[in-house]
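*Asks:* Let the sequences and hints guide you as you build the complete structure.
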Amino acid sequence: MTEYDYEELGLVAGLEIHQQLDTATKLFCDCPTTIREPEESERSFTRYLHPTKSELGEIDEAALEESMVDREFEYLAYDTTCLVEEDDEPPHRVDREAMETTLEIAQLLDMSVVDQVNVMRKIVVDGSNTTGFQRSMMVANDGAIETSAGPVGIEDMLLEEESCQRIEETDDGVRFSLDRLGIPLVEIGTKPDIRSPEQAREAAERIGMLLRSTGKVKRGLGTIRQDVNVSIEEGARIELKGVQSLDDIDDLVRNEVRRQVELLDIAEELAERDAAIGEPQDVTEVFEDTDSGVIEGALSSGGEVQGLLLSGFDGLVGREIQPDRRLGTELSDHAKRHGAGGIFHTDELPAYGVTEAEVEALRDAVGAGPEDAVAIVADDPETAELAIDAVAERAETALKGVPEETRDANEDATSRYLRPLPGAARMYPETDVPPVEPDVTEVETPELLTEKVDRYEREFDLGSGLAEQVAYGQRWPLFEALVAGEGVDPTLAAGTLESTLTELRRDDVPVGNLTDEHLKGAILLVDGGDVPREGIEDLLTALAENPSLTAEEAVEQEGLGGVDESEVRDAVAEVVERHEEQVAEEGMGAFSALMGECMGALRGKADGDTVSDVLRSEIQKRA
1 MTEYDYEELG LVAGLEIHQQ LDTATKLFCD CPTTIREPEE SERSFTRYLH PTKSELGEID
61 EAALEESMVD REFEYLAYDT TCLVEEDDEP PHRVDREAME TTLEIAQLLD MSVVDQVNVM
121 RKIVVDGSNT TGFQRSMMVA NDGAIETSAG PVGIEDMLLE EESCQRIEET DDGVRFSLDR
181 LGIPLVEIGT KPDIRSPEQA REAAERIGML LRSTGKVKRG LGTIRQDVNV SIEEGARIEL
241 KGVQSLDDID DLVRNEVRRQ VELLDIAEEL AERDAAIGEP QDVTEVFEDT DSGVIEGALS
301 SGGEVQGLLL SGFDGLVGRE IQPDRRLGTE LSDHAKRHGA GGIFHTDELP AYGVTEAEVE
361 ALRDAVGAGP EDAVAIVADD PETAELAIDA VAERAETALK GVPEETRDAN EDATSRYLRP
421 LPGAARMYPE TDVPPVEPDV TEVETPELLT EKVDRYEREF DLGSGLAEQV AYGQRWPLFE
481 ALVAGEGVDP TLAAGTLEST LTELRRDDVP VGNLTDEHLK GAILLVDGGD VPREGIEDLL
541 TALAENPSLT AEEAVEQEGL GGVDESEVRD AVAEVVERHE EQVAEEGMGA FSALMGECMG
601 ALRGKADGDT VSDVLRSEIQ KRA
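If you count the sequence shown from 1, position 603 lands on 603 in full-length UniProt numbering, and the numbers rise without skipping.
To be clear, the hints were calculated from the coordinates, so they are not data collected in a lab.
In this text, all values refer to a predicted model and were calculated from it rather than measured experimentally.
One should not assume that every hint holds.
Derived DSSO-like pairs: lysine-lysine, alpha-carbon spacing no greater than 30 angstroms straight-line [what the hints assert, rightly or not]:
1) 400 / 191
2) 241 / 336
3) 400 / 336
4) 216 / 241
5) 621 / 218
6) 191 / 241
7) 241 / 218
8) 218 / 122
9) 216 / 191
Between beta-carbon pairs, the in silico distance windows are [unchecked claim]:
10) 439 / 146: 54 to 60 angstroms
11) 491 / 38: 39 to 45 angstroms
12) 38 / 582: 32 to 38 angstroms
13) 528 / 580: 43 to 49 angstroms
Idealized CB from N, CA, C, for every residue including glycine.
*Replies:* Okay, here's the thing in structure tokens:
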């Protein structure tokens, strides 16, 4: 990956961290914050969404472009969703638990809390909200975090409702699920203080650690998303949306810097060539007898081929600007946003069934010279015309350099065009929810995870690795409840919650079925001596495979209760007798091999130390 002098380029970056809160109910209703499977939905309904004007009579550009694609949105409803999510009932008051957690986060970020929290509506017409807008409120501003490269300011923190979960594309539009809609979400925006890819990742990791320190945020895939704003001095501000993994942030910033550098170089060369964009024209006749499957498929369905002369663009449309992405890919992204499958261009033709003769005929049809390129779109007439106009518009911006826009983060740390940058016209007041005056007097600042690690080592005598695993894991609240509240041995609790569950997961045991009650019950039984430590894996496996059981019921069903010493001695003696010749020859050398067989015979019903002592005694008798 190309490395740049980011200071010389004038790199400026900022983050927007979106984190779901682990509250009992949603932000504006009493529905649980439970994610469901689409198959569990009880019914569905459809909507069409259109942008509305702000109080100043303006329409947001991003919302307007989104509405140009005519799509039907289908929503799956459940017995855990209500009329608020469906926009058939007014929102309730702001969830108190969500507000309290947000205030805790504000303290960790050293932010100033506003005197009055007012709910606003943010226009969103991509189908992710049934209302056509997202409810959002600013709770705090003016904070800071520390990084090794210096402080990064926190501009503001908003409390918002999460959007619908996108399920799949349909023939008519998009299918969404209402289960996620309305889950409380904080959006934390940094100031543009970040100056390198490494600092961007470090800042995101720091904010993530502070959020998890509350013990009140959801964990797992999709519960936290990062947006990254990136620009260089001669480039433009780009908002990169939907970064799922912290590991991708530095590479995403590097790739965006490369994209902007390459686009600036392309613009400079286009200027030297006196490049220009022609008018779209119908070139269907060129492809009447084509062997290209894509083009022939469009024409056989009554479609057409629209062509666009890109004067001076020869060799530049195919120029790579990010790994496996070219200027032509950028043009194609815009065509796809208007319903087309993509574009072909002369930097990559002949290919895809398009012949050399057809390329020459295409060039002649639009009057292209040796330094010119041509882009084509094949689709139904309306889509083809919309798409080629979008390609022409994007090609025009290539003459100027880097267009400001919102881009979607790809899994390979590249990005693709999503929509124009949103403006202030997308926000207007929410009149259905009264303001909230936050009370910070009783809000306690949570212990940082880094501080928790030190305390676990000091107070509970855990090794540094295990202490860090527990503190940064999802179940530290349960660990503390067991150790501080129930007096459980810390090593037993920590080892079970981290090492044992990890081993069971690797063995394909469905540990996701285990609740805190399952884990607490199992650990208490082992700590109290009712179940040997060696039986914990069998007990948890039984609970995971049949989560309707309690820990006590699973012990009885699986026969995992402890056995007395006489039963241990009988089981060990039987094993030793079966291997009498080996014991006579090897003496204590046979111990290791027989120990495993003895433990297997007892199926975790006896403590390992007890079995070991009895086995040694039996071997000594016969050696």
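*Asks:* So, for every hint listed, does it hold in this structure?
*Replies:* Right, here's what the structure says about each hint:
1. 400 / 191: 27 angstroms, holds
2. 241 / 336: 18 angstroms, holds
3. 400 / 336: At roughly 22 angstroms apart (the allowed maximum being 30 angstroms), residue 336 and residue 400 satisfy the hint.
4. 216 / 241: With a Cα-Cα distance of about 24 angstroms, the restraint between residue 216 and residue 241 holds, given a limit of 30 angstroms.
5. 621 / 218: Given that 30 angstroms is the threshold and the Cα spacing comes to 58 angstroms, the pair is violated.
6. 191 / 241: 17 angstroms, holds
7. 241 / 218: With a Cα-Cα distance of about 20 angstroms, the restraint between residue 241 and residue 218 holds, given a limit of 30 angstroms.
8. 218 / 122: 24 angstroms, holds
9. 216 / 191: Judged against 30 angstroms, a Cα distance of about 25 angstroms means the pair holds.
10. 439 / 146: 54 to 60 angstroms: 28 angstroms, violated
11. 491 / 38: 39 to 45 angstroms: Distance hint for residue 491, residue 38 holds at roughly 42 angstroms.
12. 38 / 582: 32 to 38 angstroms: Violated, since residue 38 and residue 582 (Cβ atoms, about 58 angstroms apart) do not stay within the stated range.
13. 528 / 580: 43 to 49 angstroms: Violated - the Cβ-Cβ distance for residue 528 and residue 580, about 38 angstroms, lies outside 43 to 49 angstroms.
Going through the hint list in order, the structure does not satisfy hints 5, 10, 12 and 13.
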